[in-house]
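Model the full structure from these sequences, guided by the hints.
What follows is the residue order along each chain.
There are 2 protein chains.
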Amino acid sequence: MLKATIKNSQKLIENSSGKNRLARKITLALIETALRAANPRSVVKKNLLLKRNKLIIKGKTFDLNSLNNIYVVGGGKASGAMAETVEEVLGDRISGGCVNILKGTRNQFKTSKIELVEASHPVPDMNGLQGAKKMMSLVGEAQEGDLVLCLISGGGSALIPLPVEGVSLEDLQEVNRALLKSGAEINVMNAVRKHLSAVKGGNLAKAAYPATVVSLIISDVVGDPLETIASGPTVPDPTTYQDAINYLKEYNIWDICPEGVKKHLNRGLEGKYPETPKPGDPIFERVFNLIIATNRMACLAAQEEGRKRGLKSLVLTTFLEGEARDAGVLVSGIAKEIFYYNIPWKKPVIVILGGETTVTVRGKGRGGRNQELALSAALKLRGVEGVVIGSVASDGIDGFSNAAGAIIDGQTIDEAKRRGLDALSYLLDNNSTAFFESIDDCLVFTGPTGTNVNDLVFIAVV
Amino acid sequence: MLKATIKNSQKLIENSSGKNRLARKITLALIETALRAANPRSVVKKNLLLKRNKLIIKGKTFDLNSLNNIYVVGGGKASGAMAETVEEVLGDRISGGCVNILKGTRNQFKTSKIELVEASHPVPDMNGLQGAKKMMSLVGEAQEGDLVLCLISGGGSALIPLPVEGVSLEDLQEVNRALLKSGAEINVMNAVRKHLSAVKGGNLAKAAYPATVVSLIISDVVGDPLETIASGPTVPDPTTYQDAINYLKEYNIWDICPEGVKKHLNRGLEGKYPETPKPGDPIFERVFNLIIATNRMACLAAQEEGRKRGLKSLVLTTFLEGEARDAGVLVSGIAKEIFYYNIPWKKPVIVILGGETTVTVRGKGRGGRNQELALSAALKLRGVEGVVIGSVASDGIDGFSNAAGAIIDGQTIDEAKRRGLDALSYLLDNNSTAFFESIDDCLVFTGPTGTNVNDLVFIAVV
Chain A
1 MLKATIKNSQ KLIENSSGKN RLARKITLAL IETALRAANP RSVVKKNLLL
51 KRNKLIIKGK TFDLNSLNNI YVVGGGKASG AMAETVEEVL GDRISGGCVN
101 ILKGTRNQFK TSKIELVEAS HPVPDMNGLQ GAKKMMSLVG EAQEGDLVLC
151 LISGGGSALI PLPVEGVSLE DLQEVNRALL KSGAEINVMN AVRKHLSAVK
201 GGNLAKAAYP ATVVSLIISD VVGDPLETIA SGPTVPDPTT YQDAINYLKE
251 YNIWDICPEG VKKHLNRGLE GKYPETPKPG DPIFERVFNL IIATNRMACL
301 AAQEEGRKRG LKSLVLTTFL EGEARDAGVL VSGIAKEIFY YNIPWKKPVI
351 VILGGETTVT VRGKGRGGRN QELALSAALK LRGVEGVVIG SVASDGIDGF
401 SNAAGAIIDG QTIDEAKRRG LDALSYLLDN NSTAFFESID DCLVFTGPTG
451 TNVNDLVFIA VV
Chain B
1001 MLKATIKNSQ KLIENSSGKN RLARKITLAL IETALRAANP RSVVKKNLLL
1051 KRNKLIIKGK TFDLNSLNNI YVVGGGKASG AMAETVEEVL GDRISGGCVN
1101 ILKGTRNQFK TSKIELVEAS HPVPDMNGLQ GAKKMMSLVG EAQEGDLVLC
1151 LISGGGSALI PLPVEGVSLE DLQEVNRALL KSGAEINVMN AVRKHLSAVK
1201 GGNLAKAAYP ATVVSLIISD VVGDPLETIA SGPTVPDPTT YQDAINYLKE
1251 YNIWDICPEG VKKHLNRGLE GKYPETPKPG DPIFERVFNL IIATNRMACL
1301 AAQEEGRKRG LKSLVLTTFL EGEARDAGVL VSGIAKEIFY YNIPWKKPVI
1351 VILGGETTVT VRGKGRGGRN QELALSAALK LRGVEGVVIG SVASDGIDGF
1401 SNAAGAIIDG QTIDEAKRRG LDALSYLLDN NSTAFFESID DCLVFTGPTG
1451 TNVNDLVFIA VV
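Going line by line, the protein sequences match chains A and B.
Per the numbering used here, the first sequence starts with residue 1, numbered consecutively.
Per the numbering used here, the second sequence starts with residue 1001, numbered consecutively.
There's no promise every hint is true.
Here are the computed distance ranges between Cβ atoms for each label pair [what the hints assert, rightly or not]:
1. A:K46 - B:K1346: 26 to 32 Å
2. A:G140 - B:Y1341: 35 to 41 Å
3. B:Q1130 - A:D440: 52 to 58 Å
Everything labelled a hint here was simulated from the structure, so no lab data went into it.
All residues carry an ideal CB built from backbone N, CA and C; glycine is no exception.
Below, the structure is given as structure tokens:
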């Protein structure tokens, strides 16, 4: 059994009573379940099975006798725990490996076959680049009959940087900054990034050919688009050099691009440097991209847990986006309709939403998107009983706080009033952390969970 | 049969085909049904029945033989149509009446027993005050055995202004402006308003005592709090003079209040002027506040219509609030979960939301909250098929446009691109009306509907 993820569960229920207490207990139990469903160790264990001479990866069976080497590569915020678990399962069957992990986390993981390289995030560094080179050299050696296990999770894009020849890390950063500033959409940014990288946009899979490639992927992108998670190192890239150049021109970045970048893209356009592998490319016949943890899976696990407890439970959406405080209003609106009218579901009921909201900072406070959502919901839920809303970041770090998020009920705002706090002012000042720090039973603490499948929002009406 | 409310239905489906066309047709039919369910004429007809010698008001039966006089008073945006219909039903049984209606709409209604007085909205005027005086004089004459029918709808607060003695219309406006500027919540504003009015906060019902009072109410307030709709002229007021003074001090308005206002409130506090009638006051034993149209009723009527058509249909919430563009993102997120995963409902399904969003204007464009919601949703729904989102203001006037709202599908943004429009820029400039004017098949036109039960949002996934 895993240890409890929420560290202060008792504190979060001890001040409440009756239906609020019940709703809080259920919400905390479901948060716990959802976070476990996204735990990299448990999802790797669940999806990577060794049975006699068979290796079963998410239902796909490989005969170990006909596999020569197994190499393990990859990178991302969850990849240290993933690598450690892969080694626990495969042990000496691993021929070699290199995985890039977050700087400062090396001593959390124990591996002997897989080298763990600390790299910087979100701004890539030379360590990351060295690790990426080792990975490319490993997969370059892989032959037909070999298996490359690629461990992908959020942050992988920055953690495995490998610019093409003639382009430096600084060049990449300059282009990235300009793209971010331009307000370009993610597909625009990725078209450019993939055409400046030797890893992204399917290039890692291409380098591993003719070996079989299995990517185990933990998704931190709403909607789980394979080509976007960690910039899709083992996923076909439909975009072209022409697209990349067009986008840079459209967003007025082309003229300020470093010379190396322009030169490379022009060479690519002239066919002097290979394209990223495209959908339909035969190399992908040997590539299996397997998502093993997503926001949806975490939500559905919580739904299942709710049902086991005899409660009607359902996932409303895993595409929750938009401004956190408005999401809070909406979530409370759903809660109120159930509470007052039993519409569209008769209470007791659990409604689960997943996704990731944003906070447009206008105030000067300390906060996080989940806490802001919860505070906003609390303001709309004064006086109702047996309604709890919980919102947490699955990585355990909500915004600029050391809390994962918060849970609130119909008493939260009155409790704040008793303590002389004006909740609305705190919300308007983006000061949700300070608000909840002044109340004993709202902030949810898990510590860093080592995974990221975005945020989870629970509505419990009992 | 009523005429079709949507004037351009044909235009809204002729460019689409397949599942999009089907989803548009259904959405338009449900909008039509919802608007009819809020139509003041039809809801009065449905709830006010004359059967032999019995008057049946929303299931409550009055013996006409034991009723002496029937007086009709009230005011609000829907009250002209309500008064006309009441007269159609009761005819000569009406002894007299006076109802305040929107300026410029007198010639739309035909009554002979009920005087219709044009008054100004949202800033009250002397006409409104004169009408209010007539109402008070009518209900003042009413005796035991008489019935006062009070027709209440949104806008009634401004349309029936009657300041207490010693307070002028200008004084009221000054206090109102200060309250609005202070950001005070509606319950704060109403506590003050009710203690400066001879009509609001149950005072009309008090004046009518010992006659029986039946209020027919069309709600334009999310959540339908009786004491808030038109400031509750026939509803108990739990707030006191002390509350009103405390609030004004708390929000730093007391010191800048007109002398007449301060004097009146102090007199009230000293018991020299009567309190508004409180919950439990015996006068309310003869008062029946009957809500005959709400956002929820409109949503449920649409749900029923969807079900009649064999489609799973449900109301998710009637507490939709918050920033319009974020509500659009959320609504599209629900649509996507259904479209891609059949979660939490298997398609085809209709999801209905009601409420009223707001637009924080940051750009310079022309728009309305429903159109902004629809535009924001469209940006998130590119490429899906058979998904339509429709958002309309039930009064037929969305923001500063002459459209009621808009419907969009997965083709809307591509269609805009073909016409050279960058949808995101329009959204960021709060320019949703200009955006949709450039596309043929999105804006929904109904003209003013003469009712207001807030906004209706439909998600159709077929």
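Results for each hint:
{"no.": "1", "hint": "A:K46 - B:K1346: 26 to 32 Å", "in the structure": "27 Å, holds"}
{"no.": "2", "hint": "A:G140 - B:Y1341: 35 to 41 Å", "in the structure": "38 Å, holds"}
{"no.": "3", "hint": "B:Q1130 - A:D440: 52 to 58 Å", "in the structure": "57 Å, holds"}
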